[in-house]
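Peer 1: Going down the list, the sequences are from chains A and B. According to the numbering used here, the residues represented by the first sequence are 1 to 279, in order. According to the numbering used here, the residues represented by the second sequence are 1 to 192, in order.
Heads up, a few of these hints could be off.
As the list claims (entries may be wrong) - Calculated lysine to aspartate or glutamate pairs in the EDC-like style (CA-CA distance at most 20 Å, straight line):
#, chain 1, residue 1, chain 2, residue 2
1, A, Lys-222, B, Glu-78
2, A, Lys-273, A, Glu-115
3, B, Lys-31, B, Glu-189
4, B, Lys-31, B, Asp-179
5, A, Lys-139, B, Glu-56
6, A, Lys-230, B, Asp-158
7, A, Lys-222, A, Glu-237
8, A, Lys-133, A, Asp-65
9, B, Lys-31, A, Asp-56
10, A, Lys-133, B, Asp-179
11, A, Lys-139, B, Glu-123
12, A, Lys-139, A, Asp-152
13, B, Lys-152, A, Asp-32
14, A, Lys-139, A, Glu-272
15, A, Lys-230, B, Glu-88
16, B, Lys-165, B, Asp-153
17, A, Lys-262, A, Glu-237
18, A, Lys-222, B, Glu-88
19, A, Lys-130, B, Glu-88
20, A, Lys-133, A, Glu-237
21, B, Lys-43, B, Asp-25
22, A, Lys-268, A, Asp-104
23, A, Lys-139, B, Asp-127
24, A, Lys-94, A, Glu-215
25, A, Lys-230, B, Glu-189
26, A, Lys-230, A, Asp-277
27, B, Lys-31, A, Asp-65
Derived from the structure by calculation, the hints contain no laboratory data. These numbers were taken from a predicted model, which means no experiment stands behind them.
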Amino acid sequence: MRITLITFAILFASISIVSAQGIGSGGTIQDDGRLAASTKQLNQFFRRFNAEESPDGNTRYYPGDSLYHNLALRKGFVQILFDNQTGSISPDLKNQFTQSLLSDSYPQYINFHREGWYSEVQAEFMFKGKREKATLILKIQPEGLGYEWVIDAVSFPPFKNLFNKPVGDEKDFLHPLSHELGFMNLRRAFQDSKMPESFTNSTFHPDYLTIFLYEMKQGNLKFLTVNDVKFHFFQVEGWYFEVSQFNRPGFNTGWLISNLVKLNPGDKKAIEKYIYDQK
Amino acid sequence: MKNKLILFLGLFLASSVVALAQSDDISPARKQAIDSLALEKVKDLSKYIAIIGSKETQFSEANRVMDRAEELFAPGAEMGVSSINSNEIAYYKVRRYFERLMALNYDRVNITWYDIQYISDLERQPDGRYVGVITIFQRFEGTSIETGMNYKDTTKKDITIYVEKKQTQIAGRTIEFWDVMLGDVRVTETSA
Chain A
1 MRITLITFAI LFASISIVSA QGIGSGGTIQ DDGRLAASTK QLNQFFRRFN
51 AEESPDGNTR YYPGDSLYHN LALRKGFVQI LFDNQTGSIS PDLKNQFTQS
101 LLSDSYPQYI NFHREGWYSE VQAEFMFKGK REKATLILKI QPEGLGYEWV
151 IDAVSFPPFK NLFNKPVGDE KDFLHPLSHE LGFMNLRRAF QDSKMPESFT
201 NSTFHPDYLT IFLYEMKQGN LKFLTVNDVK FHFFQVEGWY FEVSQFNRPG
251 FNTGWLISNL VKLNPGDKKA IEKYIYDQK
Chain B
1 MKNKLILFLG LFLASSVVAL AQSDDISPAR KQAIDSLALE KVKDLSKYIA
51 IIGSKETQFS EANRVMDRAE ELFAPGAEMG VSSINSNEIA YYKVRRYFER
101 LMALNYDRVN ITWYDIQYIS DLERQPDGRY VGVITIFQRF EGTSIETGMN
151 YKDTTKKDIT IYVEKKQTQI AGRTIEFWDV MLGDVRVTET SA
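Chain B on its own, in the form it takes in the complex (with noise of 0.2 Å):
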């Protein structure tokens, strides 16, 4: 039993941490697997805001999914929005962005994103946390049956990373991991 349970914990953190670290210094093999970590949690935050803009999505479905999406991110994440016509910068909890998304009056919302996105570097902050911003771009489609109205729009997102060194108790063993976690975000409008 005790083997099973140490097995399964090997596997979730092998699914949700990167490789060991004895230094607090990121190697670019290290970066690399903090990358695709990062970008894990960055396609999980693009499915979640897929199912949470979707109409067809039952209200108690969506707010189940926006709780698995709030856990992404570090507490306090703001999104800050602009569009086109105005640069004025509208600030939301990510709560409330979510919310504020599913609320949208359309009865057909199609989110796609594009294939295209970029790493920064990582950056060590005073806390000894690191911190990188990862953009992607967006296609928002949204179609009112009633009006007829069609609206589109190709966002850029830019969206903080947190990557901090944990530790956790494995069978009386120390381990040590890379953790990610989102953090606020930029969405621009862009002219794509």
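So here's chain A without its partners, still in its complex pose (with noise of 0.2 Å):
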């Protein structure tokens, strides 16, 4: 593994001396193989994870080419797309996680359009003159023509409290003859009471993202910025990953897994409940 390491180092930074294609052909300054070797693009981390390109990134591989999802260069490329200074993922785990990818007999590939991945964005709006930050998860859907990025749900703070079901004793209700009284009760329900999701029923779950959307449009709630971007996948079979931006001085930069678990039963659902964050 070390081999491979000091491999694509000398590499990326012998890439400053043969690179030519410069933006100005002037005042063009030479990357010292730091630019080259950071993961520039989400792009650039799905084709390095795939062995879908050159090790400068110049060359796209297609499928026929010699070198597309080549072993070795696919060995290369996933050693460097960790988080190797600041995470805490185990050698032992980088390492089985690598195995099951690079498998003779059932290699493992991410694929842009393909379900099992998506994006958790951080922004801030402004909520009723506050502040307030909102958590995003973005997937990718076919549309028309091609591709769009969509909102899947919302997490937003001054929603959470808003629906408080209350259990046991503590629970309101209507009781099972009300029928027989046209529902008169029902004003216990919408005027008496400050829970009226108590009346719901047991299944009920408040879609937060169509309330965060409603108070868009009554004007309540206005964008503000992004400050964060990541994203989870799930296309590698019995594997979690997580893909962060590392802007930092050095090799390991850019696009890289910031977060590696190997799922046991039920683990992908407790790590999406986790990641959506909706009660």
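Grab the two chains, each in its own frame, and use the hints to assemble them into the complex.
Peer 2: Okay, here's the thing in structure tokens:
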């Protein structure tokens, strides 16, 4: 593994020597290999993860090209796709993950258009005169002639305690013969009660995204800015990993794996519940 | 005369668009040609930014260059700028971004580019146009003689490109070509 890493480091450092096509011909600065090594776009993360481009990123490999999905190239790429500076993923776990990716009989790849990955966006909004953070979950979906990112869910702290359905003796109810009175006691639910959610069915689950959009349409919620973006992948069978952006000096920068979990039965649901943060 | 016009138009199209196409799919060879064209546009933008940012550029000339630079962009394109200290994004319309660049209070401004860039795959969006992102790195140096202040930063610029198949009529013949426009640009200060 160490030899592969050293080979890649030397390769990136040497890219600065052979790199020719700078943006401006006159005043260009030669990269010392750090920018070449950086995983500059999530697109590059996909290509490196699958071994679909050359080490310098200048040549795209397509099916039929000799180095497309090449095992040795991929092995080198996968090593540099981890956050190796601040991450706490054990070398053993990385090794197990790499082995399952590079398996001879069943190599696994990630795919931009396939389900099983999504984005988590931290954004700020002005809500009723106060600055508030929101977490948006976005997914890629086919639409029209191509694809689009769509908002799948939102987690917004001001909505957190909006619906607190009481349980047991605390919970108010409409008695089972309410129908005989033409539901005149609905007054209890809609007028007297401060928790009308008490009167909903047991599977009731508030749709926070709808409320979020409603507040936006009412003019109560205004977008301010995006603070952070990361990606969650469940595309590799038996594994979950998170990809975050690392903007720091050195060679281990850009979009890198910041979290890795080997999934046991039921883990996927628990992780998704945590990411979606829906009560 | 007519022949000369056709020749001129032909040369013009050859320099600003990519090879004719019958299919809406983008083959690897065509992708490469589109990448080259998109990089040309990004290079033009880089040159314009350097001219606009230079204190030696006259006001009228800077305005003329801003017009040219604006023409590279699709309508409504924005620059989203963030710094190392704050990950909050400040949004500017392209023209406003150039005006701010021109108004920087430095006596000497030096804008250079790293010899590295990255071009994404092209993805098709719902309206049939293709979209891609080119990443480049810029080094900015500004010096104020009076205060002796010297400001330096390196920014990563992720530039959206829109690729669209268009048609034009030349001497009664319909010619199809792929055109590239620049879109939103994300500017991130880096630790490089």
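Peer 1: Would you mind marking each hint as holding or not holding in the structure?
Peer 2: Against the structure, the hints come out as follows:
1. Lys-222(A) with Glu-78(B): holds (18 Å)
2. Lys-273(A) with Glu-115(A): holds (17 Å)
3. Lys-31(B) with Glu-189(B): Given that 20 Å is the threshold and the Cα spacing comes to 29 Å, the pair is violated.
4. Lys-31(B) with Asp-179(B): At roughly 12 Å apart (the allowed maximum being 20 Å), Asp-179(B) and Lys-31(B) satisfy the hint.
5. Lys-139(A) with Glu-56(B): violated (47 Å)
6. Lys-230(A) with Asp-158(B): holds (17 Å)
7. Lys-222(A) with Glu-237(A): violated (39 Å)
8. Lys-133(A) with Asp-65(A): Violated, at roughly 46 Å.
9. Lys-31(B) with Asp-56(A): Holds, at about 18 Å.
10. Lys-133(A) with Asp-179(B): Not satisfied, since the Cα-Cα distance of roughly 39 Å exceeds 20 Å.
11. Lys-139(A) with Glu-123(B): holds (15 Å)
12. Lys-139(A) with Asp-152(A): The hint holds at about 6 Å.
13. Lys-152(B) with Asp-32(A): holds (18 Å)
14. Lys-139(A) with Glu-272(A): Judged against 20 Å, a Cα distance of about 13 Å means the pair holds.
15. Lys-230(A) with Glu-88(B): holds (15 Å)
16. Lys-165(B) with Asp-153(B): Status violated; Cα separation ~38 Å.
17. Lys-262(A) with Glu-237(A): OK: Lys-262(A) and Glu-237(A) at ~9 Å, within 20 Å.
18. Lys-222(A) with Glu-88(B): holds (15 Å)
19. Lys-130(A) with Glu-88(B): holds (17 Å)
20. Lys-133(A) with Glu-237(A): violated (33 Å)
21. Lys-43(B) with Asp-25(B): Not satisfied, since the Cα-Cα distance of roughly 26 Å exceeds 20 Å.
22. Lys-268(A) with Asp-104(A): Between Lys-268(A) and Asp-104(A) the Cα gap is close to 26 Å, so the pair fails against 20 Å, i.e. violated.
23. Lys-139(A) with Asp-127(B): holds (18 Å)
24. Lys-94(A) with Glu-215(A): violated (44 Å)
25. Lys-230(A) with Glu-189(B): Measuring from Cα to Cα gives roughly 18 Å; hence the hint holds.
26. Lys-230(A) with Asp-277(A): Satisfied, since the Cα-Cα distance of roughly 15 Å is no more than 20 Å.
27. Lys-31(B) with Asp-65(A): Given pair Lys-31(B), Asp-65(A) holds - Cα atoms ~16 Å apart, limit 20 Å.
Checked against the numbered hints given earlier, this structure breaks hints 3, 5, 7, 8, 10, 16, 20, 21, 22 and 24; the rest are met.
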